[in-house]
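Chain residues, written in single-letter form:
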Amino acid sequence: MDGPAVEIEYLRKRYGGFEALAGVSLTVPRGTVFGLLGPNGAGKSTMVKSLLTIIRPTECRGRMLGKPIGDRATLGKVGYLPEHARFPEHLTGRQVIGFSAGLAGVGVEETRRRTQALLARVGMKEWADRKLSTYSKGMRQRIGIAQALVNEPEIVFLDEPTDGVDPEGRIEIRKMIESLREEGRTVFVNSHLLGEVEQVADEVAILSKGRVIESGKVAMLTRLAKRFEIRTVGPVPPALRQVLERGGMRVAGDCISLDAEDAAPVQPVIDQLRSSGVAIRELREAKDSLEDIFLRAVQGKEAA
Amino acid sequence: MRAFVTVIVDSIRLLRARALFWVSLFISAFVALIYLSIGFDDRGMSLLFGAFHFDMPFMTKGSEGAELLYLGIFRNFIVAWWLTWIAVVIALVSCAPILPEFMTEGAAGVALSKPVSRPLLFAYKYIGALLFIGLQAILFAVIVFIAIRWRVGTWNPTVFWSVPVVLLVFSYLFSVLVLLGIRTRSVMASVMLTLILWLMCFIAQVGESVCHSAANHGIGITGGELSEEERASWKAAYPWARLPYVVLPKPGETTSLLDRWIVLGDGDNLGNSTFEAMNRNGRFDNLDEGVKDDLARHSPAWVIGSSLAFEAVILGLACLAFSRRDF
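Order-wise, the sequence lines are chains C and B.
If you're matching positions, the first sequence starts at 6 in this note's numbering and goes up one per residue.
If you're matching positions, the second sequence starts at 51 in this note's numbering and goes up one per residue.
What the hints contain is simulated information worked out from the structure, not anything from laboratory work.
Not one of these hints is a red herring.
To list a few chain B residues with every Cβ distance to chain C over 12 Å, as calculated: (1) G89; (2) T208; (3) R235; (4) I253; (5) A287; (6) V353.
One side only, chain C facing chain B, incomplete, derived with CB under 7 Å: (7) G81; (8) H89; (9) A90.
Quantities reported herein were computed from a predicted structural model and do not represent experimental measurements.
Glycine included, C-beta positions come from ideal geometry on N, C-alpha and C.
Taking the hints into account, I'd like the entire structure generated from these sequences.
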């Protein structure tokens, strides 16, 4: 099927006087990993829950998998791992997956087959028939991911999927997300762990105070934020520092950084340093991480 | 259908995981065993499988008295006390957390994000909870059915009326519990308020009955004859006394329907046989036809219909609240 996996034209959610989502627009291409970033309370979970009918948006226009958002049949093609997922303690991992499959309308035999495969996929085969009360946080999260995949969804929403998972488990979850993309599924990841999202996401959107303040392909965003860093032996003399800062550069101690697509604008700075008798220790091309972009976007938004 | 079966299976698992369910089932089995231990022979009746014997010529094996006593114990103790009071309270306490727990953050998300509508999910959850009392009532009815055959010598399928009756009584109260659970999300508050409503139903029924007797038969609260003037004031008050009775469910009267529906071997119902037995033994000689009529003046359709109407309204409100809530 063509068209984006999710296309939000306008999404607004108010809780009394508080605006959790202030008219968000967003497009998630099919077959990609999409990261939704934002500080706590930005509205990330509210957005996902609105798409999945768990909360009722105040106003919503858009489509998911080609159908209007909220279409119940479409939810059969969607998987969801909630943030702080609380599955009943008296159930076993296998039963949790079975429950999710049953509600999604997956047949009994098919459920049995898929459950077995998913348990192996999330590394929980040995623990499948033990109660959740005996599981660690990370194990619960793995079962949560397995139940989200049992209906073989076209799009999977993972809200903080690595929450409580140890470093080894995080790598496995990242690999799983990559494998889902390879299978042609769309993965929508809500996370505050920017480093992880950067490693796996194709596109991101940054949400702050209910608004999308930055969005695009990760490669594009990080390339846009390309810069050069020059390190000197000892701190930059105050007089020279003033001159450089007037020229739009940032100076912190022994580090001068300037935004530039190529090395040409760096040459006059080198000349200036040399003519002032300042020795250069290091010159390197640097890219902003997603975290830098995130912080700049959020801080810029707050300042505005 | 698959989703329905899934929720029901989940409910059964939930019940099995609750200690109260097993405690309740254990006590049920114990009560049933005690009931089963009552026996009759050619000389009279025995208790605890013959440990205690009482010579009672009118309650020998196969006699109408034995059948009446045996069914009377079932109706007046097991159904009236255990199944409609104690077991219902235990069931209410056990089932009270079902919706509040389901509605906590992180618990409802998975179910609500599936292609099952909220009203359907609500209905499945509700039916699942009815299983708690349903299973106990069925277990009891089966034991009693077998016990009657063993002890009295007749098959009496009318005892199975106790299953829908007990289920109805529980469902009236559970609908209120569910609504309160959704509104307050507090297990304790919803249980307490439901028990208060239950008490209100009882008061409303007694109030209406007393008022009706006074207004129509001239019988006062203490049983004495009323003057015409007093009777007229009771008549004026009657519509007000009737209003809460009409509006509220009727758990007590619903249970009393078993008196009409459980039929003895001679074809007479338990209620009539009880009255006749009372009169034969010289008790309640003054039990006149007016009182008798009073006790049976509401048809089963009225009792159940008006209670179900209340339940439907409450469930509708609960379903609406559940469907509109953000999780």
